[in-house]
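*Asks:* Since chain A is already given, all that's left is putting chain B on it; use the hints.
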Amino acid sequence: MTGGGTAHLRSGQDILLRVQDLEVSFGSGPHRVQAVSGISFDVAPGETLGVVGESGCGKSTTGRAVAQVHRPDAGTVRFDGTELTTLGSRELRQARTKVQMIFQDPISSLNPRRRILDIVSEPLAIWGLGTKEERHRKAATMLEAVGIDPAQAGGRRPTEFSGGQCQRISIARALILEPKLLICDEPVSALDVSVQAQILNLLQDLKEERAITMVFIAHDLAVVKNVSDRVAVMYLGKLCELTTPDALYRQPAHPYSEALLASIPEPVPGSERGHTGLTGDLPSPIDPPSGCRFRTRCPYAQELCAREEPPMAEVAPGQFAACHFPLVKPGQVLPEPGPAPEPPRPVL
Amino acid sequence: MPDGHHDPPGDPRILGAPAAFSPAVDAEVGQVARHLHTSEPATPTGSTSKRGGLGVVFWIAAGWVGLTVLLALLAPFLPLQSPTFQDYSVVNLGPSTHHLLGTDDLGRDMLSRIIWGSRDSLVISIVSVVVGMLIGGSAAMVAGYWGRKVDAVLNAASFVVLAFPPLLFILAVEAFWKPPLKSIELWKLVVMFTVVAAPQLFRVMRASTLAVSNREFVVAARSMGASTWRILTREILPNVLPAALSFALIGIALAVIIEGALAFLGLSVALPTPTLGNLINEAAQIYNLKANPTAALWPSLYIFFLVVGLNLMGDRLRSTFDVREGNL
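Chains A and B, in that order, are what the protein sequence lines are.
Residue 340 in the numbering used here sits at position 262 of the first sequence; the count goes up by one each step and never skips.
Residue 37 in the numbering used here sits at position 18 of the second sequence; the count goes up by one each step and never skips.
Bound-form chain B, shown alone:
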């Protein structure tokens, strides 16, 4: 400050003894405080912010999804047969103590194949949605906060990507982009799913960033001298994230389904590597389905419960946060 009137930010006086209150004023203020707390007690208005408020259904769903993810993570350490080990003496068996979910037409253990298959399915779904959220989300916050031209450009870009139906877009890329190595086929899927997920998350997060950016507490933070980075991370992000998280959960469920659809067209990770979609695709071939319908049933049920669980979680989270917004 050229004039020296403003205290530099590091001025120790600011934190020193605050302007001395007279005891009388203090007493008066204390009375006001006591009066306030007796006349309008600051009781919590609802328990929705507490964990218990999410309800039993949420925790059952979360438990199931958590178990699925845990099994997928621990697959190499579980006492499971190799998912590609073929034993022609036990073809198309029903459930037994050796093979809890039975075997398929090549004598492979269904439980092992489902758990190993969920690994790739979950990697594709979770990684793409998380990366999509990082990219789409940061773009959304930039667009929503700065507005004007930045917003116009990013918004237009998201519309361009959204204009392609996701499945068609993936099919088109599949047709033209052959990765040189088979091992990166999985990551090709991840990239495509990210491209599909990012603009969707962008739209959701941009809308809530726009809504939050004009609230007075953001203006207040700015007038207190907060940097843009601090405003984005401390004031806006905590208000945008809950809604985005619930949307992301539903997005993961959607990605699992799209992977299944792709596998059904034979465009997912190449066989014999199992994914949930590949398993259904294989078992649903007409001769397999007749001989061993359960081989298609188990992975289908697995997908079904996983997707239902994710959707229930996302739904519940969203309604919980909606209620809190409504309380404002």
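Just chain A, with the same shape it has in the complex:
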């Protein structure tokens, strides 16, 4: 099995979302770009899965394929007992209401010509739920829950709000249908740092209040660390590592995870982590490298890496990596985090 394998999928548990061997590509012929090539992961109810990776690695595409905004070319997306990839368009419309998305650009995700109250109550209007007053009342409650004053904001249009406020409105709209799964596609990367924290806290609160499961896509490890229960690291359409954020920070098993961590700016001068980031560019997904896709930029790459693609394997309990030479060897005992100095907290 190339491309990660499925060793990291949990079985026998209550699983809300199980994605297996997902493949998504764009274009056709020689310019065909395979944005996602064989990704598998699962998310338990109430869990937050963080997905990180640099731009162009396919993380947003993965999120959109899960919501069936782009139909995947291959693979399965099993959500809450229903296989989404084989649903007809009618059934899919209905199933989608349980999977909602929040996007990166908060202003572009709201129709500039409509009023806030109409935008937030639109999902209810689509499904013909309640009268207009009931819908608006529910939308007003939702707006309040995300910290927007409905009396003041309801009649205005999105262009009159800041990015952070627009993101709050998007969240209200996404949650009004009471979805089980929320896919957040870089929801804070377009916002000011201070507003980022507000939005992240809001998402966290709403998630706990409403028992929402989240897939949180970001390129910022620091953001993901704070919100996720598990983190999936992606590179060029493939999964590199899947583990808890603590384990990822303490002892990354995949060389790419290590490089990502090293790229976080150090708030403490002099506390170098030894390895300094990555060199070179992301290879073209039109013609990805043979074997392990990361080998062209990997400091530990050997001849085997060009020949054979490494499958996902458990290197430590709950820590999976797709690498022939993982930095954490299977069976190796993780260093106790107790007395060791905490890794410096990233600045949000």
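One should not assume that every hint holds.
[Unchecked claim] Within a straight-line C-alpha distance of at most 25 Å, the following computed SDA-like cross-link-like pairs (lysine to any residue) qualify:
| # | chain 1 | residue 1 | chain 2 | residue 2 |
| --- | --- | --- | --- | --- |
| 1 | B | K168 | A | E101 |
| 2 | B | K168 | A | S106 |
| 3 | A | K210 | B | G244 |
| 4 | A | K407 | A | G396 |
| 5 | A | K210 | B | L256 |
| 6 | B | K309 | B | D124 |
| 7 | A | K176 | B | L251 |
| 8 | B | K168 | A | L165 |
| 9 | B | K168 | A | H148 |
| 10 | B | K168 | A | G107 |
| 11 | A | K258 | A | I204 |
| 12 | A | K285 | A | D196 |
| 13 | A | K176 | A | E161 |
| 14 | B | K168 | A | A152 |
| 15 | B | K168 | A | T163 |
| 16 | B | K168 | A | G166 |
| 17 | B | K168 | A | T164 |
| 18 | B | K207 | B | V88 |
| 19 | B | K168 | A | Q112 |
| 20 | A | K210 | B | R253 |
| 21 | B | K168 | A | R149 |
[Unchecked claim] Which stretches of chain A does chain B cover? Using the computed rule of at least three CB atoms under 8 Å from a CB of chain B, they are:
| # | stretch |
| --- | --- |
| 22 | 171–177 |
| 23 | 187–195 |
| 24 | 199–213 |
| 25 | 246–256 |
Rather than coming from a laboratory, the hints here were simulated on the basis of the structure.
Glycine included, C-beta positions come from ideal geometry on N, C-alpha and C.
*Replies:* Same frame as chain A, but now just chain B:
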């Protein structure tokens, strides 16, 4: 849903009491809200969306165009002489109280002829642009939203029509298509103008549909389960229409001019029925122009102000909407 996990869309629970918030959370949220409104007040960023923002020039232009259209509509009820009534005792007169704009070489009242003439000119221009917008616009939205093959086919079709210079195309059709009845000559012009206008409007609206279709709010609507029809009419159309409207206004102005050009070649509605173009054509014959230059001047001025008014309106609308797009 086979598994029964999904709530059917009509589930009353969805609209029931929302998940109860604890009072503490509510209070906290309220504080956040208050804080937000004090720290980043949601003040309107510009008054361009308000009517007053269109400016005086726009409203003068709109007033003039509106008056023109109103006069044309009310022509049968206005106290005007028949536009074809000839009185040889008052040939080639200047303006007077009886004939406000004077008379032409056959003693017909110029004001009456201009107002009646603008009727046919405006019918040709407005109807063809409106119908062209309905046809071209719906094709554009289909092409822009679905993309791929539908887009390729419709796009190619629009290029084929656009490849003909409009005036040449109309001349060619004029040469080969003689309508059986004189009364439908007007509608023949309308059809030809529609064929010319539709692909132009198609191109403008397709471009803006393409731009809007990839925006996140369209993706969001789709993921909320909105039907394609709902996405097209509620999400995309309101964003495409303003630009298309301003383009259509300029298109109407252009159609008025093309009608004038056709009349000058004697290919518009047959004489003695007046159109704005026919009037200029008639008055500009060399012996008429010498005897009575004002007979050519008045309809020319009428066209001039009508076209300038339409262009100013279209321009102003476009810049207003451009600014709003720029604010995004």
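*Asks:* All the hints need checking, so say for each whether the structure fits it.
*Replies:* Outcome of the hint check:
1. K168/B with E101/A: With a Cα-Cα distance of about 23 Å, the restraint between K168/B and E101/A holds, given a limit of 25 Å.
2. K168/B with S106/A: holds (14 Å)
3. K210/A with G244/B: Holds - the C-alpha atoms of G244/B and K210/A are around 18 Å apart, at most 25 Å.
4. K407/A with G396/A: holds (13 Å)
5. K210/A with L256/B: The given pair, whose Cα atoms are some 22 Å apart, holds under the 25 Å limit.
6. K309/B with D124/B: holds (11 Å)
7. K176/A with L251/B: holds (23 Å)
8. K168/B with L165/A: holds (24 Å)
9. K168/B with H148/A: holds (18 Å)
10. K168/B with G107/A: holds (16 Å)
11. K258/A with I204/A: holds (18 Å)
12. K285/A with D196/A: holds (24 Å)
13. K176/A with E161/A: holds (13 Å)
14. K168/B with A152/A: Given that 25 Å is the threshold and the Cα spacing comes to 23 Å, the pair holds.
15. K168/B with T163/A: holds (23 Å)
16. K168/B with G166/A: Holds. K168/B to G166/A sits at ~22 Å (cutoff 25 Å).
17. K168/B with T164/A: holds (24 Å)
18. K207/B with V88/B: holds (22 Å)
19. K168/B with Q112/A: holds (21 Å)
20. K210/A with R253/B: OK: K210/A and R253/B at ~16 Å, within 25 Å.
21. K168/B with R149/A: Holds: K168/B and R149/A sit about 18 Å apart, inside 25 Å.
22. 171–177: holds (count 7)
23. 187–195: Since 6 is at least three, the answer is holds.
24. 199–213: holds (count 10)
25. 246–256: It holds: at least three residues are needed, and the stretch 246–256 of chain A offers 5 whose Cβ sits within less than 8 Å of chain B.
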